[in-house]
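Participant: The primary structure of each chain is shown beneath.
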Amino acid sequence: MEKFKKSKFRILKTFLISKFVFINGIISIVVLGLILAFLIYNSLKFFSSYPFFDFISGTRWSPTVNEKFGFVPLMVGSLEIAFGAILIAVPFGIGVAIYIGELAPRLVRETLKPIIEVLATIPSVVLGFIGLKTVVPFVKNIFSLSIGLTALSGSIILAFMSLPTIISISEDAISAVPNGLRNASLALGANKWETTYKTVVPTASSGILAAIMLGLGRIIGETMAVLMITGNSPRIVFSWLQPVRTITATIAAEMGETVQGGLHYSALFGIGLVLFLITFLTNFTADRFVNRIRNII
Amino acid sequence: MKRKNLIQKFWNYLLLFVTLIVVVFVLGIIIYLIVKGLPALSWEFITQKPEAGMRGGGIFPAILGTLYLIIGTIIFSLPVGIFASLYLNEYASKNRLTRIIRLSIVNVSGVPSVVFGLFGLGFFVILLKFGKSILAGSLTLALLILPVIITASEEALKTVPDSYRQASLALGATKWQTVIKVILPQALPGIVTGSVIGIGRAAGETAPIIFTVAAFSQPNLPNSVFSQVMALPYHLYVLATQIPNAPENIQWGTALVLLLLVLFFTIAGTVIRTRARLRKVNL
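Residue numbers (our numbering), protein chains in the order written: chain A, 1 to 297; chain B, 1001 to 1283.
Bound conformation, chain A alone (with noise of 0.2 Å):
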């Protein structure tokens, strides 16, 4: 009789602890559907009362003054930047990785992967203050500009951000081509840069694109650096030489003004949401990008 009962708190305990592990198990589903469930709770007044037509289409993001919220600005201010940065980081990022994961010798791989990482380890606040005393002043000189507070600028150190991401993720990719096809191509007497360009990349490139999308979404919602370097005025402009306003600025800059639960602070939730859904995409067509490789290989 005594041994059955213990048995029976030991089926119960079991059960508990199963229980618990689930549910921290499933805590990163609970913890995306309440970011997505807050963003949409709190910008419901917003979508409700501000037309969304004028929104989407807006070309004004003037909050204090008159109230308008013109998406249009922070858009082209969050693309424009992103656009620099991605033009720039691509050929430095595939670069690095092609050569750290391919052609470079051991001892050289094993020195120049640490040095790497340790960009990715430097907070966003730091590189924003070293953009602004060194990038920012060198765009204004080089271009002989007003103030070097302009989209170049973000887009130069968001390149550079986005670097350890691009290089890490394609790195993997070209890590991951079996040595078979490597083999295969030099025993066809392909030298090693052919079977690098021909065999070894093409493989990894479902890989490299997925790195390309990852850096991307790093870019778009990077906040402190551009905040910091971009100058932060929120009118549509098709240059790299002014200033621009991303979304992430905005909400950053503007949060701490708004009054508790007013228009303004809905309006910052509305972008943020829009923010959330770009990224989510992002991310989400890099996983399948990321599956596709490990499914063919």
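Just so you know, the hints here were simulated from the structure itself, not pulled from any lab data. Certain hints may be false.
Label pairs and their computed distance ranges (CB to CB) [stated by the list, open to error]:
1. B:SER1163 - A:LEU16: 52 to 60 Å
2. B:ASN1220 - A:ILE11: 50 to 58 Å
3. B:LYS1158 - A:ILE115: 21 to 29 Å
4. B:ASN1223 - A:ASP54: 42 to 50 Å
5. A:PHE47 - B:PHE1010: 51 to 59 Å
6. B:LEU1188 - A:LEU79: 38 to 46 Å
7. B:ASN1095 - A:LEU16: 48 to 56 Å
8. A:SER144 - B:ARG1279: 55 to 63 Å
Built from N, CA and C at the ideal position, the CB exists for glycine as well.
Once you've looked at the hints, dock chain B against the given chain A.
Facilitator: Just chain B now, with coordinates in the frame of chain A:
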């Protein structure tokens, strides 16, 4: 044949050059920061309060605030993260739910940090009425680094050989006993490494703490988890952009202290991993 090798040589050198440019810039940034920041560092700078509208004195309240946030973040994220990875690696079966969990982890790690800030403001600060506080800030940062901790712990759990699990179960241990007494101790160095690096990342984050905890100026030290604190990353932002004519050396000094703090965590994590590896080899 000669041309072929010439092309190979060309690309080899070109890509080496590209790599060197990146490496030189990374090292350049760090060296520049050290050269500019080191003269500002002194015992007074890291132990005293700001003075003269932050144009003088030290940054002690910001350092302390960041340390409090780190402790809070560890308390909230580490247990949940470890149990989540235990679920994924030891308990979960390969089904649809597990796939959705993995997809969520990837997506949580892709959510922009400023969106975490918005969420922390709406949920912890306003709905749960924590106010702008250490509690709200640490919880927000904990959610932010959860994916890092889960992923790192899972990697560590995967390195524990299956024979250990089978041996433990064969001796009559329950699953839970196996997990706690056999698997976790084996995986611990890996878990700690990944977590320490993730926590270093949290220490440097700015956007999530602006609305949830960071005070522009709060020279008084916090007396409860509901206090607002100054934090190093936000303090650097304030010095660099909000205070006109803030002395250069104070700005660079603050940036250097923040970088050193974050690097400390990264290096500590790497040292733990290396030592664990050496120990395993000696066995």
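Participant: Take the C-beta atom of SER144 of chain A and the C-beta atom of ARG1279 of chain B, compute their distance, and say whether it sits inside 55 to 63 Å.
Facilitator: Given range 55 to 63 Å: holds, Cβ gap about 60 Å.
Participant: May I ask you to test the hint 52 to 60 Å on the CB atoms belonging to SER1163 of chain B and LEU16 of chain A?
Facilitator: Check failed, 29 Å falls outside 52 to 60 Å.
Participant: Between PHE47 of chain A and PHE1010 of chain B, is the Cβ distance one that fits in 51 to 59 Å?
Facilitator: holds, 56 Å
Participant: Would you say the C-beta atoms of LEU1188 of chain B and LEU79 of chain A sit inside 38 to 46 Å of each other?
Facilitator: Holds, since LEU1188 of chain B and LEU79 of chain A (Cβ atoms, about 45 Å apart) stay within the stated range.
Participant: Tell me if the beta carbons of LYS1158 of chain B and ILE115 of chain A are separated by a distance inside 21 to 29 Å.
Facilitator: The hinted range 21 to 29 Å holds for LYS1158 of chain B and ILE115 of chain A, with Cβ atoms some 27 Å apart.
Participant: For the range 48 to 56 Å, tell me whether the beta carbons of ASN1095 of chain B and LEU16 of chain A fit it or not.
Facilitator: With Cβ atoms ~22 Å apart, the hint is violated.
Participant: Holds or violated: the 50 to 58 Å window for the beta-carbon distance between ASN1220 of chain B and ILE11 of chain A?
Facilitator: Between ASN1220 of chain B and ILE11 of chain A, where Cβ atoms are some 54 Å apart, the hint holds.
Participant: I want to verify a distance hint. Is the separation of the beta carbons of ASN1223 of chain B and ASP54 of chain A within 42 to 50 Å?
Facilitator: holds, 47 Å
Against the hints set out earlier in the document, violations occur for numbers 1 and 7.
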